[in-house]
Amino acid sequence: MASAASLKATPLNSVHRALGARMVDFGGWDMPVQYSGILDEHHTVRNAVGMFDVSHMGEIEIRGREALRLVEQIATNAASNLKIGQIQYSGLLYEHGGFCDDISVHKVADDHYFICVNASNQDKDYEHIVQQNRFDATVDFASPRYAQIAIQGPRAIETLQKLTTADLPAIQYYWFTDGAVCGTPARISRMGYTGEDGFEIYIAPSEAARVWAEIASAGAEFGLKPCGLGARNTLRLEAKMALYGHEIDATITPLDAGLAWIVKLAKGDFTGRGALAKQKEKGVSRKLIGFEMTGRGIARDGYPVLVDGSPAGWVTSGSPSPTLGKNIGLCYLPVEQAAIGRAIQVIVREQPVDAVTVATPFYKRAR
Amino acid sequence: MYPEDLRYTKEHEWVRVEGDTGIVGITHHAQEALGDIVYVDLPKVGAQVEQGKPLGSVESVKAVSDIYSPVSGEVTAVNDELSTAPEKLNADPHGEAWLVKVRLSAPGDIVNLMSASEYQTYVGAES
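Going line by line, the protein sequences match chains A and B.
Using the working numbering, the letters of the first sequence map in sequence onto residues 1 to 367.
Using the working numbering, the letters of the second sequence map in sequence onto residues 1 to 127.
In short, the hints are calculated from the structure, not lab data.
Careful: at least some of the hints might be erroneous.
Okay, derived cross-link-like pairs now, BS3-like style, lysine-lysine, Cα gap no bigger than 27 Å in a straight line [stated by the list, open to error]:
# : chain 1 : residue 1 : chain 2 : residue 2
1 : A       : Lys83     : A       : Lys287
2 : B       : Lys53     : B       : Lys101
3 : B       : Lys53     : A       : Lys326
4 : B       : Lys88     : A       : Lys326
5 : A       : Lys364    : A       : Lys287
6 : A       : Lys264    : A       : Lys287
Footprint (simulated), chain B over chain A, 3 or more residues, beta carbon under 8 Å [said to hold, decoys possible]:
# : stretch
7 : 28 to 38
8 : 163 to 177
Glycine included, C-beta positions come from ideal geometry on N, C-alpha and C.
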């Protein structure tokens with residue numbers, strides 16, 4: 001493990017330490033994995049409101065007369081469908097169809113797109129986009145200019161509304177507005193990685209500690225707690241949101257991952273389109289499917305999966321589900337074996353343990 | 001924090017010797033490092049365990065961790081309550097949430113283990 005000194009730190013690092021967070025090396029970043037405890041933080045987000053420092057996430061901005069053409073080239077979803085103020089989940093693929101990253105594309109203006117990317121992928125994402133830029137567009141590595149805080153949970157909107165004049169109820173899911181939070185300019189996106197309602201705000205790093213403290217105060221009456229990457233993972237898994245390096249990576253295409261809805265083959269050429277069109281014609285060979293453990297044991301990432309006693313796939317993410325009180329996971333299985341309700345086994349520390357495939361998401365909030 | 005009547009391992013287990021029996025558990029430091037404990041896998045009564053060898057495992061929400069036996073001998077009792085209430089390991093790791101009792105085959109084993117003050121220094125240096 002790298003020493004803390006060589007790890008990258010967000011502008012909120014000293015805040016986390018002062019709060020007594022347990023810090024871990026997360027893809028080269030010194031990040032809080034938990035404060036009060038993963039279970040407590042998880043339930044706080046499901047039932048009230050939690051706040052997360054996600055400043056390690058990367059930002060890449062594309063501007064210029066042909067900004068849209070570049071975005072359409074690099075991303076699988078149809079950015080041309082975006083209206084100003086709208087956000088789109090999309091795939092950044094290699095030519096062979098595997099994921100370079102999963103991204104969220106914000107349309108700021110006709111000639112300006114703001115892309116949020118994964119922390120540990122941001123450098124290669126930037127290089128990958130720059131390499132494809134044969135358009136009248138500029139690609140700007142903007143991560144140093146932004147801190148990012150996620151406010152998530154049923155009381156997120158009430159919490160954040162105390163700190164902004166932006167009309168938060170008017171922002172639809174996967175839309176954003178540029179306004180101010182605590183008097184500092186902020187991009188306010190209504191989205192998240194928890195399966196709950198909530199917001200992700202982008203602010204100047206120099207303002208992060210002050211804004212963090214004001215959000216904490218504003219949310220206190222609703223039971224707000226700071227939450228770490230541990231709860232972020234259990235929350236996103238229950239909501240079946242993909243995590244790069246687990247459900248998706250360079251060897252996995254969006255069609256494998258059940259993300260055909262972010263692939264718009266009809267939009268024209270984009271990087272990876274040829275490979276995906278071929279895969280669609282042949283049909284996918286594997287499928288991402290959810291399971292619950294029925295025997296005693298917790299599936300963990302990378303554990304082998306058996307069908308009818310034979311090796312058939314692997315666990316991409318596995319964990320106790322605090323909301324369901326069960327042990328759950330996602331795995332890849334051959335498509336012909338990936339029916340819901342099928343008995344499977346997960347090899348837990350050399351012992352096969354019974355499980356059953358189930359419909360996903362594991363958790364869906366009541367709207 | 002660390003009771004004087006326990007002996008401690010570098011892997012963060014403890015043993016309390018009562019006559020020919022060693023009562024085994026994990027330390028406060030271990031439960032704190034693990035976080036919310038959700039699953040404990042222990043040997044059955046009658047199993048032979050050996051000092052420094054895996055005795056079982058404990059899992060938090062985030063991770064799985066091996067438990068190494070601080071002593072050698074035969075398991076004479078298992079704390080079954082932990083299978084339904086593993087969170088007791090977070091609440092009372094040096095007391096109610098003991099893991100197993102072992103009839104010691106080599107009582108001299110404990111000279112290899114740390115005293116409370118040595119362990120306190122050890123975890124202080126580690127963190």
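- prompt: Of the numbered hints stated previously, which ones are contradicted by the structure, given in increasing order?
  reply: 1, 3 and 8
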